[in-house]
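Asker: So you can see what is in the structure, the chains are spelled out below.
2 protein chains.
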Amino acid sequence: MCQLLGMNCAAPTDVTFSFTGFAARGGVTDHHADGWGIAFFEDKACRLFIDHQSSATSPIAEMVKRYPIKSKNTIAHIRKATQGHIQLENCHPFMRELWGRHWIFAHNGDLQDYQPFLTGVYQPVGTTDSELAFCALLQGLRKEFPGSQPGLDELFPALEKLTREITQAGVFNFLMSNGQALFAHCSTRLYYLVRRWPFSTAHLVDADVSIDFAKYTTPEDRVAVIATQPLTDNEVWTAFEPGDLLMFQHGEVIARTNVPVPQAVLDKLRDPASDRSASAPTPVVQEPMPATLDLESDDAAAFES
Amino acid sequence: MCQLLGMNCAAPTDVTFSFTGFAARGGVTDHHADGWGIAFFEDKACRLFIDHQSSATSPIAEMVKRYPIKSKNTIAHIRKATQGHIQLENCHPFMRELWGRHWIFAHNGDLQDYQPFLTGVYQPVGTTDSELAFCALLQGLRKEFPGSQPGLDELFPALEKLTREITQAGVFNFLMSNGQALFAHCSTRLYYLVRRWPFSTAHLVDADVSIDFAKYTTPEDRVAVIATQPLTDNEVWTAFEPGDLLMFQHGEVIARTNVPVPQAVLDKLRDPASDRSASAPTPVVQEPMPATLDLESDDAAAFES
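For the protein sequence lines, the chains are A and B, in the order given.
Per UniProt numbering, numbering through the first sequence is continuous, rising by one, with the last residue being 305.
Per UniProt numbering, numbering through the second sequence is continuous, rising by one, with the last residue being 305.
Possibly wrong hints are sitting among the right ones.
[Claimed, not checked] Under the rule of at most 25 Å between Cα atoms (straight-line distance), these lysine-lysine pairs were calculated in the DSS-like manner:
(1) A/Lys65 with B/Lys80
(2) B/Lys65 with B/Lys44
(3) A/Lys44 with B/Lys80
If you're looking for bench data, these hints aren't it; they were derived computationally from the structure.
Start from the sequences and build out the full structure, keeping to the hints where you can.
Answerer: Structure follows, in structure tokens:
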């Protein structure tokens with residue numbers, strides 16, 4: 001499968017701290033080395049970086065770690081190919097335009113025999129089930145609101161309805177954003193945390209790097225981080241319930257619904273090879289624990305704040 | 001205005017040599033410092049890098065100069081804003097998908113009171129006349145061939161027809177590609193050269209850097225470079241005739257037509273402030289001159305070959 005990372009913030013924030021740990025999973029601490037990508041919204045603009053090299057060794061990943069692009073909505077993906085060759089056009093996230101806004105989508109999962117009817121408005125460039133699903137989502141949203149973009153309160157139930165259709169085909173963990181909000185859906189595994197005032201110190205799981213966010217933040221800052229696996233080992237991450245579809249804006253959850261996971265996907269959750277069971281979800285705890293570390297990386301000033 | 005750089009090649013080739021000179025025009029040797037961008041096709045995939053910093057100082061430009069991405073179709077742009085604020089969403093090139101392929105577009109010019117009727121399939125994200133024109137071009141191509149992409153022999157006259165409409169609105173020098181071919185249209189100023197066997201040494205106008213292409217090429221290599229202003233001072237660049245629309249593939253011109261430039265645009269050409277007159281075009285000479293320099297940059301091995 002793959003791994004997802006999302007960040008949604010009240011103020012433009014760089015993702016260098018989280019991405020440093022996340023990128024290590026592309027070849028150092030984990031085996032997701034079949035390409036990677038990251039997208040940063042800056043107001044309506046979106047910058048998308050993809051590479052078929054592993055995120056642990058890619059020169060573009062190195063630049064992303066060192067060039068702090070500040071964004072309110074960031075989505076990253078490291079790939080372990082299940083469908084589609086290891087080619088650049090199959091690297092997530094994918095980008096398309098709808099209603100005069102860029103949309104970004106990244107998927108972790110596996111859709112079996114998934115053949116949506118596409119009218120041609122959006123067509124996949126690569127060969128993944130993921131890009132097919134993204135095209136189907138955007139086509140569905142466009143069909144529901146053919147003129148211009150509706151408010152987020154109307155958009156969210158439309159996305160829920162479309163997610164319900166696609167999730168029948170298999171595991172469909174995804175992150176999606178149009179730069180205004182970040183949508184996160186969990187079929188099998190996804191975690192999030194919200195960092196808010198008073199900020200504390202966080203320490204990465206995948207690299208011995210800490211940062212004391214209190215030094216770089218104001219009371220107005222708030223940052224939601226969403227990931228396939230928790231990125232830090234001294235904060236409490238909240239597990240999504242299987243089926244959860246959440247909408248994040250300004251660094252917090254502003255809407256939540258649940259799209260029941262089909263039985264076939266639930267069966268996957270009960271597979272003993274999975275390290276998380278649908279019958280025993282991680283307790284929902286939204287507040288981060290107090291900081292336990294004072295150690296800081298030399299590069300802390302360049303990290304997300 | 002802005003400056004354009006395009007490269008179309010028989011085999012995947014990196015653009016680092018040409019881009020080194022081109023990027024210097026974004027703040028060092030010229031004043032096009034209102035953002036920049038570059039897009040590389042790698043088969044069907046496309047990587048687009050944009051930055052609102054000047055290309056002379058941007059960390060992303062620095063990475064592009066040092067990370068030799070090999071591509072058969074590359075389009076770059078440095079911006080001097082005429083319409084639209086200096087914002088990231090107004091940086092060229094622009095990217096959209098049509099017929100399951102990415103399309104890239106960059107424009108140098110100024111379209112006055114240009115308000116095409118857009119059905120909504122493509123909508124601009126930013127506020128430039130250029131992105132509007134790109135949306136109109138893709139909408140027009142989609143309307144002409146609603147099912148799937150036609151052959152290049154059918155595509156080219158359709159693009160000619162659409163160019164004829166848009167060029168009524170003003171200066172419309174553009175580069176466009178879908179990864180299979182590169183289309184270049186000249187309203188006022190555009191040059192190209194084709195480097196082919198036997199290759200020789202080229203020396204940049206904007207930086208004291210030379211490369212002896214003979215050392216890095218084979219008889220099968222062929223590279224067309226298109227630019228608003230010649231990039232080298234020891235090769236013969238061919239000036240487009242005003243109105244020329246050329247299609248490049250495999251590093252050479254495979255189709256050529258002329259879309260008569262409207263009188264209002266011709267008047268601009270006759271402006272004494274312009275350093276090029278429509279009545280006295282640069283002679284068309286397609287073969288590069290023999291090399292005159294042996295000097296090489298230390299980085300030559302990393303340059304385009």
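Asker: Would you mind marking each hint as holding or not holding in the structure?
Answerer: For each hint, the structure was consulted:
no.	hint	in the structure
1	A/Lys65 with B/Lys80	29 Å, violated
2	B/Lys65 with B/Lys44	22 Å, holds
3	A/Lys44 with B/Lys80	20 Å, holds
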